[in-house]
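Work out the full structure: start from the sequences and follow the hints.
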Amino acid sequence: MTFIPPDKPGFVTGLMAEAAHLEHISCATFCSGSNPARAAKGAQQMVDSGTTGLVSFGVGGGLDPSLTPGSLVVATMVITPEGEKIKTDTAWRNHIQELTPGPLTLAGIAGSDHAVTSPQAKSDLFTATGAVAVDMESHAVARVALKADLPFLALRAIADPAHRSLPVSAMGGLGPDGHTRALVVLGNLLLRPWELPDLLRLGRDMQKGLHALRRVADSGFSFS
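In our numbering, the protein residues as written are 6 to 229.
Hints in this document: simulated from the structure, not taken from any laboratory. Some clues are possibly wrong.
Unchecked claim - Using 25 Å as the maximum straight-line C-alpha spacing, the simulated SDA-like pairs for lysine to any residue come out as follows:
#1 90 x 10
#2 13 x 73
#3 152 x 85
#4 152 x 38
#5 92 x 39
#6 152 x 55
#7 152 x 100
#8 213 x 39
#9 46 x 71
#10 90 x 111
#11 92 x 108
#12 92 x 107
#13 90 x 135
Listed below in structure tokens is the structure:
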């Protein structure tokens, strides 16, 4: 039997740069600024407006050391901070896997209410959950989808591998609307100039993650 995807999908992203890859798709989008509460609110607004399926879509942090920047993860489940395991829609997930060229990892994704920034924190979360990646929106969106009994997907492209710390100067560089606040990052960098190489590397890795998102957006959601 041919799988028919939801006709009115709703996508929740953390960054406007992620949402930009969905402009050619007929869908609703909401950018949360990587805030779990805003992600839940946006997802609920889309449900109330008639969305028939929810997708958490964006970059994330690697927990599995084998994943490199640009690795694409399609979640089999999302593990909430409380340990609840919310499964993604199997048929929709398989549909994405069939349509998307290149390698995909099918595994669990962990949700977190705060940024997981250090290699030790990532290692601890990997051990505790078995999830291969972490983000700050998927668990919020998953809860809304579960309550509304809607099909749900979570896709993450690695931009922050397990063995690296996020530079402190990058913190606070994201506005609530998902736009990058370059002046904030620059101000932080003036106080921590030794972090410039790490910040530049993060920028390159972010681009690898965004490129992977474009790959799945252009193929896996081509039904729209």
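Quick one: which hint numbers does this structure break? Sort them smallest to largest. 2 and 9
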